[in-house]
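What follows is each chain in one-letter form.
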Amino acid sequence: GQQVMQIPQYQHVQEGEDFTTYCNSSTTLSNIQWYKQRPGGHPVFLIQLVKSGEVKKQKRLTFQFGEAKKNSSLHITATQTTDVGTYFCAGRNSGYSTLTFGKGTMLLVSP
Amino acid sequence: NAGVTQTPKFRILKIGQSMTLQCTQDMNHNYMYWYRQDPGMGLKLIYYSVGAGITDKGEVPNGYNVSRSTTEDFPLRLELAAPSQTSVYFCASSSRDRGLSGANVLTFGAGSRLTVL
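Same order as they appear, the protein sequences are chains A and B.
When we follow my numbering, the leftmost residue of the first sequence carries the number 1, and every step to the right adds one.
When we follow my numbering, the leftmost residue of the second sequence carries the number 1, and every step to the right adds one.
Keep in mind that the hints were calculated from the coordinates and are not lab data.
Keep in mind it's a predicted model, so treat the numbers as computed, not measured.
Treat the hints loosely; a few may be bogus.
To be verified - Simulated crosslink set (DSS-like; lysine-lysine; CA at most 27 Å straight-line): (1) A:K59 / A:K36; (2) A:K36 / B:K9; (3) A:K103 / B:K9; (4) B:K44 / B:K57; (5) A:K57 / A:K103; (6) A:K36 / A:K57; (7) A:K57 / A:K70; (8) B:K44 / A:K70; (9) B:K14 / A:K36; (10) B:K44 / B:K9; (11) B:K9 / A:K70; (12) B:K44 / A:K103; (13) A:K57 / B:K9; (14) A:K51 / B:K44; (15) A:K59 / A:K70.
To be verified - Partial selection, computed: residues in chain A whose CB lies under 10 Å from chain B: (16) N31; (17) T100; (18) F101.
The C-beta atom is built at its ideal place from N, Cα and C for all residues, glycine as well.
The shape of chain A in the complex, shown without the other chains:
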């Protein structure tokens, strides 16, 4: 079955440093979504990428979808303590298949 791998599993940064998490799929994806889960909370949708090579920005967050639609990344510029949480990517094979989640990257930001 489809596998979605995410690295790193955990990262601890100082406030102001940059952060990147990478997501790789064993199969070509129709789209990929990113979610954020705060400690003790539930996953919250951040963004969806659909097109090959797509790049989207949300303030300090930059999301990329690879040309082959098998990998994606989330980059946070100048992290803040409010960025703390676990970031999940989730890929979909086709328009109507279910999402497969990566194991997530836990981000800890020290002030």
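We have chain A already, so just place chain B on it with the hints.
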């Protein structure tokens, strides 16, 4: 507009007991899902439903049952609780309309933390 509501928030079960986790959504979403989350393991799909009267197995369905008699409700039943079912359970829903940019985006409930002793 409450979104996705899950009850209970916390529950402790003894081995062999049964219980139902309740999930209801008020967004008129066709799709509903049950995930379990274990530490460091991401979200695993247990069951999902594409509409009332239709359910299908996900990645880890063993030990669970679901029903979808209405669009709003999607309860998850554990018949014989086992320690391996200790986890945090999330219910989620999504719309189906391909024309919307937000289609198939999951809205999650707050979660139900279950401990089986």
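Evaluated hints:
no.	hint	in the structure
1	A:K59 / A:K36	15 Å, holds
2	A:K36 / B:K9	20 Å, holds
3	A:K103 / B:K9	23 Å, holds
4	B:K44 / B:K57	11 Å, holds
5	A:K57 / A:K103	23 Å, holds
6	A:K36 / A:K57	15 Å, holds
7	A:K57 / A:K70	20 Å, holds
8	B:K44 / A:K70	20 Å, holds
9	B:K14 / A:K36	32 Å, violated
10	B:K44 / B:K9	19 Å, holds
11	B:K9 / A:K70	36 Å, violated
12	B:K44 / A:K103	9 Å, holds
13	A:K57 / B:K9	34 Å, violated
14	A:K51 / B:K44	26 Å, holds
15	A:K59 / A:K70	25 Å, holds
16	N31	8 Å, holds
17	T100	8 Å, holds
18	F101	4 Å, holds
Hint violations for this structure: numbers 9, 11 and 13, all remaining hints satisfied.
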